[in-house]
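Turn these sequences into a full structure, and let the hints guide you.
Protein chains in written order, with this note's numbering: chain A, 1 to 304; chain B, 305 to 583; chain C, 584 to 865.
Hints in this document: simulated from the structure, not taken from any laboratory. Don't take every hint at face value.
[Claimed, not checked] Result set (EDC-like, lysine to aspartate or glutamate): computed pairs, CA atoms no more than 16 Å apart in a straight line: (1) A/227 with A/249; (2) B/318 with A/92; (3) A/15 with B/581; (4) A/100 with A/85; (5) B/583 with A/2; (6) B/318 with A/97; (7) A/128 with A/97; (8) A/18 with B/581; (9) C/810 with C/791; (10) A/29 with A/2; (11) B/318 with A/85.
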Amino acid sequence: MEYVLVTQGLSKHYKDFKALDGLTMHVPKGSIYGFVGRNGAGKTTLIRLICGLQAPTAGAYTLYGADSNQKDIANLRRRMGAVVETPSIYLDLTAEDNLKEQFRVLGVPSDDGIPDLLKLVGLEDTGKKKARNFSLGMKQRLGIAVALAGDPDFLVLDEPVNGLDPQGIIEIRELILKLNRERRITVLISSHILDELSKLATHYGFIDSGRIVKELSARELEAACRKCLRVEVTDTRALARVLDQMGVDYKILDDGQADLYAQMNISQLSRALDGEGCELLSAQERDESLESYFVNLVGGDSHA
Amino acid sequence: MRNLLSANLLRLRKSMLFWGCLILMLLLGAGFTLQRYWEQIAYAEFGQLSYLDEVLFRHGLLIGIVTALFVPMFFGIEYSDGAIRNKMVVGHSRLSIYFANLITAAASSLAFCAAYILAVLALGVPLLNGVRLTAVQCALLMLGTLVLSAAFSALYIFVAMLCARKAASAVVCILGVFLLLFAGIYISARLSAPEFLTEYSIADDGQVVEEEPEPNPQYPRGLEREVYQFLYDFLPGCQSIQYGDMSAENPALLAAYSLIILTVSTGAGAALFRRKDLK
Amino acid sequence: MVNLLSAGFLRLWRSRSFWVCLGVMAGVGVFEAVSGWRAMMDFRSSGVADAIVSLDSRYFIFPFLSGILLSPFCALFTGAEYSDGTIRNKLSVGHTRAAVYFSNLVLCVTAGILFCLGYIAAVLAAGFPLLGPMRTPFPVVLWYTFCAVAMTSALAALFTMIAMLCQSKAITAVICIFLAYFLLFLGIYLNNRLSEPETYPEQQYVQDGQIVTAAAHPNPNYVRGGKRAVYQFLYDLPGCQAVQLATTIDTGAPPRLPLYSLAAVLLSTGSGILLFRRKNLK
Chain A
1 MEYVLVTQGL SKHYKDFKAL DGLTMHVPKG SIYGFVGRNG AGKTTLIRLI CGLQAPTAGA
61 YTLYGADSNQ KDIANLRRRM GAVVETPSIY LDLTAEDNLK EQFRVLGVPS DDGIPDLLKL
121 VGLEDTGKKK ARNFSLGMKQ RLGIAVALAG DPDFLVLDEP VNGLDPQGII EIRELILKLN
181 RERRITVLIS SHILDELSKL ATHYGFIDSG RIVKELSARE LEAACRKCLR VEVTDTRALA
241 RVLDQMGVDY KILDDGQADL YAQMNISQLS RALDGEGCEL LSAQERDESL ESYFVNLVGG
301 DSHA
Chain B
305 MRNLLSANLL RLRKSMLFWG CLILMLLLGA GFTLQRYWEQ IAYAEFGQLS YLDEVLFRHG
365 LLIGIVTALF VPMFFGIEYS DGAIRNKMVV GHSRLSIYFA NLITAAASSL AFCAAYILAV
425 LALGVPLLNG VRLTAVQCAL LMLGTLVLSA AFSALYIFVA MLCARKAASA VVCILGVFLL
485 LFAGIYISAR LSAPEFLTEY SIADDGQVVE EEPEPNPQYP RGLEREVYQF LYDFLPGCQS
545 IQYGDMSAEN PALLAAYSLI ILTVSTGAGA ALFRRKDLK
Chain C
584 MVNLLSAGFL RLWRSRSFWV CLGVMAGVGV FEAVSGWRAM MDFRSSGVAD AIVSLDSRYF
644 IFPFLSGILL SPFCALFTGA EYSDGTIRNK LSVGHTRAAV YFSNLVLCVT AGILFCLGYI
704 AAVLAAGFPL LGPMRTPFPV VLWYTFCAVA MTSALAALFT MIAMLCQSKA ITAVICIFLA
764 YFLLFLGIYL NNRLSEPETY PEQQYVQDGQ IVTAAAHPNP NYVRGGKRAV YQFLYDLPGC
824 QAVQLATTID TGAPPRLPLY SLAAVLLSTG SGILLFRRKN LK
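This is the structure in structure tokens:
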């Protein structure tokens, strides 16, 4: 597989605090890579490192196959766009002027692309309004527009929907999907809003205490999230006997409920329970959510 | 680098602060010239004349204060609004960002000087008497003040690029320049103390008798004097005082010192900025 | 209000800029005393009378300094409420805007007074053993100190007003610092203009060993009439007062000075609260 970004044992220490501790991750080309971790896990630190805002204490990364210690890494960054933490925009300039400014920074010879870019992020009608007076969602979208100014094929977004309203969240999600599908932009999104991420991501990296705990594709994740059948019965002891005989993994929840971790033939189960004098009241297929997968992975009391 | 400069220039064109400082310098130039002109009229009976060169180089005194306001505010925004990240993310090296900002700052301070000089010439040539200095002296003074303004810009860029908080860098730059100016006033006073104190007394017969001059204990001598003199020539704020009261005797030396300050502060600033962790 | 103050004093205690400013005041106090002592030694060793150096002249430096240091301090300390957004926390739990304003005013005034005390303590502690006691009678020193502290409080009120009305900390800092210096330079300028003699007196000078007498004539630089009244009024304002306090120690400070300071506190605070109550906060 071709990777846009690979990090090897990346570490960043601030005095005694290890923000990143030997982090290794792989972002495949064309993917939307969801970078999941609780607050303070090291998500933003990693993004700062790969954007060149800070130098790693140890380890290295490759961008488009080029090592971070090489000289031409700067030229490769030209193909990257990023929104780190808060949108990086001049608050006393209009949306258009902000893009003009970034076009100069990039050396884009003509400003012709600006109206299209503004339209893409839905800011075409802001006119002379200064960014200072934008809503949070508009600032976020302008930040993304600035990141897109160089027509990048790798976009890094740090908590892009943090603090947005439901409408704003949907807009950003659709924008990201559009960029990924129509322009083939690889996207790295950090987020702790897992539900939102699960609607987008094709790949996941789970980070905790500065390390990647697990890295997998959305398909693998789906497979890994065990399907389970939640059943309601009149007698859970009878259920347990039956399931033990059938060799099925299960978990009794309370007097009347249990989760069964297998693809079950319901009629078969019902007949077997009948034999033990127990009735099957209901059966419901359930997915283990991304959230509970994450909680299982990094251990309890998570803020995610 | 060219891209960064053109981006800075675009922002400069739209900056109210820049135009405000430019207009302030124009007004100050016009104000000083008119003040001299009115004094000449007011003291006509005493035969006092005002000359163009009395005000022509006074931007050397003002430029440190105006750029102390302009540089941290204009470049501090890059940190406070986070826009410096946009430059780094797309692969501009830290050195080129630092130098592009330095060049923009120096160019702006030269523009401020130009605005002042322009105003003085526009009003001063018709209203005041001409220049008493030779062309070479004028050129040297002009060179000295312009290099001084570049040195001030370099110092402020050093502060603004290394301190990520705009308000703090503004405070450091403005307090710093006033401290330097006060140092200049203090050293100037120390250096111009008379070497000997002469007391007069009136003798019994009504004749004034000049007593034996005594050495002034407040007069700095030897090494102390050399240190004072060096600081007076070397420090940008002290140079400002010299240009302000037109006492700069050796503008070429002052310009050389300013160049040293510019080089050292830029070297140190760029080296530190390369290692700085940005957010 | 009590809660706001106790929270504020905790923040003041932990504020680095507060301790830095206090340290600078104390440091300058020690420096003034020591440099006065060095000058005195110079004069003594060369046999010149030592009457020129006294603790008094070193003591009354602090009105100049307190305003200069207070300007960035008030701007940064009060401005942080906006930049960190903590002002919202206070308003949203039901503190009135007037209470928020007052608590910030009290903090800035307290800081200003502490800066003055920091200097006074340092210059006296170092200056007393080195330069000996003050020559000015104690009640006069007390009165002057009171005037200076009142003036510092007035400046604190002025800077608080600016900081509460301007949401950008950096702009507040710039305005306050420039204002502090402007008032100081204005004071120096007005002092020069007002102390011009009305007439040049009859002068005697030596020419060829003979004493020549020049007749008295009016000074064209002397400020007269309404202009003089305006100048005198401005000279009495806080900020400019610093110059007046430092230069009139022998002639006595007019009792109107603290009244002017009080008026400045009332005016700036009144209009500040009025405007702050109507202000749209972010």
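Going down the list of hints, with the structure as the test:
Proposed proximity of residue 227 of chain A and residue 249 of chain A is supported: the alpha carbons are some 12 Å apart, at most 16 Å. Between residue 318 of chain B and residue 92 of chain A the alpha-carbon distance is near 9 Å, which keeps this suggested pair within the 16 Å criterion. Between residue 15 of chain A and residue 581 of chain B, the direct Cα distance comes to roughly 13 Å. Compliance with the 16 Å bound is thereby established for this hinted pair. Pair hint residue 100 of chain A plus residue 85 of chain A does not hold up; C-alpha atoms about 22 Å apart against a cutoff of 16 Å.
Under the criterion of a C-alpha separation no larger than 16 Å, the hint pairing residue 583 of chain B with residue 2 of chain A is inconsistent with the structure, at around 30 Å. For the given pair, residue 318 of chain B sits about 9 Å from residue 97 of chain A by alpha-carbon distance, which is consistent with the 16 Å threshold. In summary, the hint linking residue 128 of chain A to residue 97 of chain A is supported, as the alpha carbons are separated by about 9 Å, within the 16 Å threshold. Of the pairs offered as hints, the one joining residue 18 of chain A and residue 581 of chain B holds, with about 15 Å between alpha carbons and a cut-off of 16 Å not exceeded.
Restraint check for residue 810 of chain C and residue 791 of chain C: the C-alpha separation of about 42 Å exceeds 16 Å, so the hint is violated. A C-alpha spacing of about 6 Å is found between residue 29 of chain A and residue 2 of chain A, which places the hinted pair at or below 16 Å, so the restraint holds. The hinted pair formed by residue 318 of chain B and residue 85 of chain A fails the criterion: a straight-line CA distance of about 26 Å is larger than 16 Å.
The structure shown violates the earlier hints numbered 4, 5, 9, 11.
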